[in-house]
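So the sequences go chain by chain: A and B. Residue numbering for the first sequence follows the numbering used here, beginning at 1 and increasing consecutively. Residue numbering for the second sequence follows the numbering used here, beginning at 434 and increasing consecutively.
Hints in this document: simulated from the structure, not taken from any laboratory. Keep in mind it's a predicted model, so treat the numbers as computed, not measured. Incorrect hints may appear among the rest.
What the hints assert, rightly or not - Under the rule of at most 30 Å between Cα atoms (straight-line distance), these lysine-lysine pairs were calculated in the DSSO-like manner:
#, chain 1, residue 1, chain 2, residue 2
1, B, K534, B, K444
2, A, K179, B, K466
3, A, K276, B, K534
4, B, K444, A, K179
5, A, K247, B, K466
6, A, K364, A, K247
7, A, K55, A, K364
8, A, K118, A, K339
9, A, K415, A, K401
10, A, K247, B, K444
11, A, K116, B, K534
12, A, K247, B, K534
13, A, K363, A, K350
14, A, K118, A, K350
15, A, K140, A, K3
16, A, K339, A, K140
17, A, K339, A, K350
18, A, K179, B, K534
19, A, K276, A, K247
20, A, K3, A, K118
21, A, K3, A, K116
22, B, K479, A, K179
23, A, K276, B, K444
24, A, K350, A, K140
25, A, K261, B, K466
26, A, K55, B, K534
27, A, K247, B, K479
28, A, K179, B, K462
29, B, K462, A, K276
30, A, K179, A, K118
31, A, K276, B, K466
32, A, K116, A, K276
33, B, K462, A, K247
34, A, K3, A, K350
35, A, K261, B, K534
36, A, K261, B, K479
37, A, K55, A, K350
38, B, K534, B, K466
39, B, K462, B, K479
40, B, K534, A, K118
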Amino acid sequence: MEKFDVIVVGAGPSGNAAAYTLARAGLSVLQLERGESPGTKNVQGAILYADALEKIIPDFRDSAPLERHVAEQRMWLLDENQSCTGATYRDARFSQEPHNRYTIIRARFDRWFSGKVKDAGALVICETTVTELLRDPAGKVIGVRTERAQGDILADCVILADGANALLGERAGLRPRVKAEDMALAVKEVIFLPRETIESRFNIADTQGVVIEIAGNITHGMVGTGFLYTNRDSLAIGIGCMLADMKRQSLTPCQLLEGLKRHPAVQPLIEGAEMKEYSAHLIPEGGYRALPQLYGEGWLVVGDSAGFVNAVHREGSNLAMTSGRFAAETLIGLRQAGKPFTAANLAAYKRRLDDSFVMADLKKYQGVPELLHDHPHILGTYPRFLGDAAREALTVDGEPKRDKQKRILGELTRKRSVLGLLGDAYRFWRAFR
Amino acid sequence: MNAPAEFALPKVNVEEKLFQDRYRVDVGKPHIKVRDAGVCASCAAKPCTVCCPAGCWSIDEDGGIDLMVDGCLECGTCRLVCDEGNVDWNYPRGGFGILFKFG
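With the rest of the complex left out, here is chain A:
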């Protein structure tokens, strides 16, 4: 039976980062991907964070399929009463090279990244689903089983980059099943418009792009957010809600997305666009407290499979690529030192993560999932209040401003007692400090 130094399961950002880094260092790498080609099973918004990729492929901008650099970020609170309260941050420095964030189309990007992995010397085999991990009598992971005939393959270490469902780790008893409480379901459409139309509607030129992150009552009381991103000649529009909330109500994901598309603040931006793909994906949003065991005898877990998503900042692919790189660098270091891939030695991977932004950010926001879970009104009451307050203030009707102000504040304390307001403020401070 053939044996590799490392088998990487999955060809998303984390698996590609790991396989590329390992192969460049001269280790023998087999990467297995279940899709027809890398990217055909993967879904993301998608924003690419340059920093994480730069640390793996410094000159990626020369060849990667990038859609637009992010020149402007909008944050919107949409109310079901058809209002939109928002903030816009546009910065000319965002349009100076090197750019910090780009919109990408994942199927194209992943194929490009996989090409780099192959060039680096890894063996990449697609159309192959890994069904379970192989283990020796002592429990050490020694390879993988695929569904192909004679499909067992051995390796000194297996990197689990198998995505949000994390089936392989669960089946091997290395981690508990992911929970509906820790998962968001996002649905998305890719809709096409002429390039000039996108640029005029979003007030952008050239390769500039706009990112709109959306919260408020578009999620109908559920914990979740929406988004609208500009690609070169298409838009990505989507909405995601926590699964634990979704299962307790009667709106389908499709209906939620339709509601977002029909909102008067959104509809004119997407008018006339041609839908060419509808997709769905789970996002592990449980944060720090939901993290599973990250390493063991002969295995490491990276990316979505490990739950590395910073839901507050809508970051995931950068945590994925960074964790993939750390996993690879840990193995490279051990190999160079002549040390085996035991759990004790692989603990170095966890230490790399602990010392980086990955764990620092996850720890910082560890209270947020619970805050939103226990106080779901936060996402409903305050956006609605902001919208109502803005409408009051901006409607000129002869009423003295002092009376208007009084009524606005009265409205707020009617919706939420003063104690409730103070409590929310404290909870917010605790969760986001």
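Let chain A serve as the given structure and place chain B on it in line with the hints.
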């Protein structure tokens, strides 16, 4: 969670959306199965019928569950929302299932 009438969400035909997607169906080899049809029939909530983004799960004439996996987007939602653990969920064979063009 009650929305005003003017914001009531329309019924959406998910099949029309799925029509835009590319699939290679593994005919006769569904990757998701119901473990015990009786458990579904006696499940009051049937969250799978609401949460599945591809509308693969529907309620049949007898109040049981009808599962059609051809349009599956392979997200994994049905497995996680089933409190009964009644969903036998696997990824399709390599190369089969949804083939995202954009992702």
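Here's how the hints hold up against the structure:
1. K534(B) with K444(B): holds (26 Å)
2. K179(A) with K466(B): Holds, at about 20 Å.
3. K276(A) with K534(B): Status holds; Cα separation ~9 Å.
4. K444(B) with K179(A): Distance ~29 Å between K444(B) and K179(A) Cα, so the pair holds.
5. K247(A) with K466(B): holds (20 Å)
6. K364(A) with K247(A): holds (28 Å)
7. K55(A) with K364(A): The hint holds at about 23 Å.
8. K118(A) with K339(A): Roughly 27 Å between the alpha carbons, so the hint for K118(A) and K339(A) holds.
9. K415(A) with K401(A): The hint holds at about 21 Å.
10. K247(A) with K444(B): Cα-Cα ~18 Å, so holds.
11. K116(A) with K534(B): Within the cut-off at roughly 20 Å; holds.
12. K247(A) with K534(B): Given that 30 Å is the threshold and the Cα spacing comes to 29 Å, the pair holds.
13. K363(A) with K350(A): Holds, at roughly 14 Å.
14. K118(A) with K350(A): holds (27 Å)
15. K140(A) with K3(A): The given pair, whose Cα atoms are some 15 Å apart, holds under the 30 Å limit.
16. K339(A) with K140(A): Cα-Cα ~16 Å, so holds.
17. K339(A) with K350(A): Roughly 17 Å separates the two Cα atoms, so the pair holds.
18. K179(A) with K534(B): holds (29 Å)
19. K276(A) with K247(A): Distance ~28 Å between K276(A) and K247(A) Cα, so the pair holds.
20. K3(A) with K118(A): holds (18 Å)
21. K3(A) with K116(A): holds (23 Å)
22. K479(B) with K179(A): holds (17 Å)
23. K276(A) with K444(B): It holds: about 20 Å lies between the C-alpha atoms, which stays within 30 Å.
24. K350(A) with K140(A): Holds: K350(A) and K140(A) sit about 18 Å apart, inside 30 Å.
25. K261(A) with K466(B): violated (33 Å)
26. K55(A) with K534(B): holds (28 Å)
27. K247(A) with K479(B): Holds, at roughly 9 Å.
28. K179(A) with K462(B): Distance of about 27 Å is within 30 Å: holds.
29. K462(B) with K276(A): holds (27 Å)
30. K179(A) with K118(A): violated (35 Å)
31. K276(A) with K466(B): holds (29 Å)
32. K116(A) with K276(A): Holds, at about 28 Å.
33. K462(B) with K247(A): holds (28 Å)
34. K3(A) with K350(A): holds (26 Å)
35. K261(A) with K534(B): The hint holds at about 22 Å.
36. K261(A) with K479(B): OK: K261(A) and K479(B) at ~27 Å, within 30 Å.
37. K55(A) with K350(A): Measuring from Cα to Cα gives roughly 19 Å; hence the hint holds.
38. K534(B) with K466(B): holds (26 Å)
39. K462(B) with K479(B): holds (24 Å)
40. K534(B) with K118(A): Holds: K534(B) and K118(A) sit about 21 Å apart, inside 30 Å.
Checked against the numbered hints given earlier, this structure breaks hints 25, 30; the rest are met.
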